[in-house]
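Spelled out from the first residue to the last, the chains are:
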Amino acid sequence: MSRQGTRLDQKKVNSELFTLTYGALVSQLMKDYENVDEVNKQLERMGYNIGIRLIEDFLARTGTGRCYDFRDTAEKIQSAFRLYLGISPQIMNWSSSGDEFSLQFDSNPLTEFVELPDHCLNLKYCNVLTGVLKGALEMVQMDIASCFVQDHLKGDPCTELRVKFIKRLEDAIPAGED
Amino acid sequence: MAVCIAVIGKENSPKYISCINPSMELHFQYKVHVSLDVVEEKLQAVSKPIADVTKEQYLGLLYSTEEHKIYGYVTNTKIKFIVVVDSSNTLLRDNEIRMMFRRLHSVYADIVCNPFFIPGEVISSKKFDKTVKSIMYGD
Chain H
20 MSRQGTRLDQ KKVNSELFTL TYGALVSQLM KDYENVDEVN KQLERMGYNI
70 GIRLIEDFLA RTGTGRCYDF RDTAEKIQSA FRLYLGISPQ IMNWSSSGDE
120 FSLQFDSNPL TEFVELPDHC LNLKYCNVLT GVLKGALEMV QMDIASCFVQ
170 DHLKGDPCTE LRVKFIKRLE DAIPAGED
Chain B
4 MAVCIAVIGK ENSPKYISCI NPSMELHFQY KVHVSLDVVE EKLQAVSKPI
54 ADVTKEQYLG LLYSTEEHKI YGYVTNTKIK FIVVVDSSNT LLRDNEIRMM
104 FRRLHSVYAD IVCNPFFIPG EVISSKKFDK TVKSIMYGD
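Chains as they are written, first to last, in the working numbering: chain H, 20 to 197; chain B, 4 to 142.
Accuracy of the hints is not assured; some may be wrong.
FRET-style restraints, in silico, Cβ to Cβ [said to hold, decoys possible]:
{"id": "1", "chain 1": "H", "residue 1": "Ile110", "chain 2": "B", "residue 2": "Gly63", "range": "50 to 56 Å"}
{"id": "2", "chain 1": "H", "residue 1": "Leu102", "chain 2": "B", "residue 2": "Glu44", "range": "54 to 60 Å"}
{"id": "3", "chain 1": "H", "residue 1": "Asp118", "chain 2": "B", "residue 2": "Asp132", "range": "23 to 29 Å"}
{"id": "4", "chain 1": "H", "residue 1": "Asp125", "chain 2": "B", "residue 2": "Gln32", "range": "40 to 46 Å"}
{"id": "5", "chain 1": "H", "residue 1": "Lys173", "chain 2": "B", "residue 2": "Leu64", "range": "41 to 47 Å"}
{"id": "6", "chain 1": "H", "residue 1": "Cys177", "chain 2": "B", "residue 2": "Asp132", "range": "22 to 28 Å"}
{"id": "7", "chain 1": "B", "residue 1": "Met102", "chain 2": "H", "residue 2": "Val168", "range": "37 to 43 Å"}
{"id": "8", "chain 1": "H", "residue 1": "Cys166", "chain 2": "B", "residue 2": "Lys45", "range": "51 to 57 Å"}
{"id": "9", "chain 1": "B", "residue 1": "Tyr33", "chain 2": "H", "residue 2": "Lys60", "range": "35 to 41 Å"}
{"id": "10", "chain 1": "H", "residue 1": "Asn68", "chain 2": "B", "residue 2": "Glu14", "range": "40 to 46 Å"}
Pairs of lysine-lysine, DSSO-like flavour, derived with a Cα cap of 27 Å [claimed, not checked]:
{"id": "11", "chain 1": "B", "residue 1": "Lys130", "chain 2": "H", "residue 2": "Lys50"}
{"id": "12", "chain 1": "B", "residue 1": "Lys136", "chain 2": "H", "residue 2": "Lys50"}
{"id": "13", "chain 1": "H", "residue 1": "Lys95", "chain 2": "H", "residue 2": "Lys31"}
{"id": "14", "chain 1": "H", "residue 1": "Lys183", "chain 2": "H", "residue 2": "Lys173"}
{"id": "15", "chain 1": "H", "residue 1": "Lys173", "chain 2": "B", "residue 2": "Lys133"}
{"id": "16", "chain 1": "B", "residue 1": "Lys81", "chain 2": "B", "residue 2": "Lys129"}
{"id": "17", "chain 1": "B", "residue 1": "Lys136", "chain 2": "B", "residue 2": "Lys81"}
{"id": "18", "chain 1": "B", "residue 1": "Lys136", "chain 2": "H", "residue 2": "Lys173"}
{"id": "19", "chain 1": "H", "residue 1": "Lys173", "chain 2": "B", "residue 2": "Lys18"}
{"id": "20", "chain 1": "B", "residue 1": "Lys13", "chain 2": "H", "residue 2": "Lys173"}
{"id": "21", "chain 1": "B", "residue 1": "Lys13", "chain 2": "B", "residue 2": "Lys72"}
{"id": "22", "chain 1": "B", "residue 1": "Lys133", "chain 2": "B", "residue 2": "Lys81"}
{"id": "23", "chain 1": "H", "residue 1": "Lys173", "chain 2": "B", "residue 2": "Lys130"}
{"id": "24", "chain 1": "B", "residue 1": "Lys129", "chain 2": "H", "residue 2": "Lys50"}
{"id": "25", "chain 1": "B", "residue 1": "Lys130", "chain 2": "B", "residue 2": "Lys45"}
{"id": "26", "chain 1": "B", "residue 1": "Lys13", "chain 2": "H", "residue 2": "Lys50"}
Source of the hints: derived by calculation from the structure; they are not laboratory data.
Model, not experiment: these values are computed from the prediction.
Glycine included, C-beta positions come from ideal geometry on N, C-alpha and C.
Pulled out of the complex, with its shape left as it was, chain H reads as follows (with noise of 0.2 Å):
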């Protein structure tokens, strides 16, 4: 009809399901929950899950090792957006010392269609990504923290993680046995 009809390529889900789905799974929480803290804390929890389970495939499939600091993590998270979202976010502002970095999004498949209504501007449509995050990095022993600064569903010119890293955790000694 009006829409260019997208080839489909057989191992990749068609984007516009994926977004449909995303935006099903974000609206139907929007309903159940009632409140938009609560919907943002449920999608951050579901990142997590996802990303310590996806963190193991990203692993086996790229077979890299360590990272040596932390610039070399933010290089491999972005290569994992370009793996699994086809997207490759810019890595800018470096805090002075190095342990902080923002992932900056130009187009954002999860947002295609996405307006927000008035009365959830606080909702952040994409927690999910901070949750993957927290989740992913926390099984290669790396805490950190994230949030979006920066909003194109709000109105700001792009969207835009910041990604903090707080410590390294160590190997975890059950108690007394040390």
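Chain H is fixed; fit chain B onto it per the hints.
Relative to chain H, chain B alone:
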């Protein structure tokens, strides 16, 4: 280019109307309303030869008065788009009207894909409004 653009739902309920001159809105609502009968008539005429699967969605000129011409377009989901243009505007060809409808249809498809939009509700999207305005002013 156009003076008024309206979207009418499946059961002929108004979903969206926008015109260049807001004070004329009621007047246009009447016009659009009247044209729905013609749409219905045309649809019945079209639906007779059922074999024709690739149905034409563009209905062409619905009717014209001294000052306005009214064109219609129906999607396969029975959403109607109505465009009112000035009769004095002779530059507008059939082709341009078709283009307008095609753009309208594609922007409509986009807002339907918005997960926060409930199909069948009145359209209140700002993005849709902006695009429709740009179609009306003809760029």
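Checklist entry - Is the hinted range of 50 to 56 Å satisfied by the C-beta distance from H:Ile110 to B:Gly63? => result Since the Cβ atoms of H:Ile110 and B:Gly63 sit about 54 Å apart, the hinted range of 50 to 56 Å holds.
Checklist entry - Taken at face value, is the distance from the CA of H:Lys50 to the CA of B:Lys136 at most 27 Å? => result violated (32 Å)
Item to check | Straight-line alpha-carbon gap B:Lys133 to B:Lys81, limit 27 Å | outcome: holds (23 Å)
Item to check | 27 Å limit on alpha-carbon distance, applied to hinted pair H:Lys183 and H:Lys173 | outcome: Answer holds: H:Lys183 to H:Lys173 is near 22 Å, not above 27 Å.
Next on the checklist: I want to verify a distance hint. Is the separation of the beta carbons of B:Met102 and H:Val168 within 37 to 43 Å?
Outcome noted: Holds, since B:Met102 and H:Val168 (Cβ atoms, about 40 Å apart) stay within the stated range.
Checklist entry - Does the alpha-carbon distance linking B:Lys130 and H:Lys50 stay inside the 27 Å limit? => result Judged against 27 Å, a Cα distance of about 23 Å means the pair holds.
Checklist entry - Is B:Lys81 close enough to B:Lys129, meaning Cα to Cα at most 27 Å? => result holds (23 Å)
Next on the checklist: Would the hint linking B:Lys13 and B:Lys72 be met if the CA-CA limit is 27 Å?
Outcome noted: holds (23 Å)
Next on the checklist: Given a hint of 22 to 28 Å, does the C-beta separation of H:Cys177 and B:Asp132 actually sit inside it?
Outcome noted: This hint holds: roughly 23 Å between Cβ atoms.
Checklist entry - Taking only the CA atoms, is the gap from H:Lys173 to B:Lys18 under or equal to 27 Å? => result holds (25 Å)
Checklist entry - Holds or violated: H:Lys173 with B:Lys133, Cα cutoff 27 Å? => result Satisfied, since the Cα-Cα distance of roughly 17 Å is no more than 27 Å.
Checklist entry - That 40 to 46 Å hint for H:Asn68 and B:Glu14 (C-beta), does it hold up? => result Hint holds: Cβ distance 43 Å, inside 40 to 46 Å.
Checked against the numbered hints given earlier, this structure breaks hints 3, 9, 12, 20 and 25; the rest are met.
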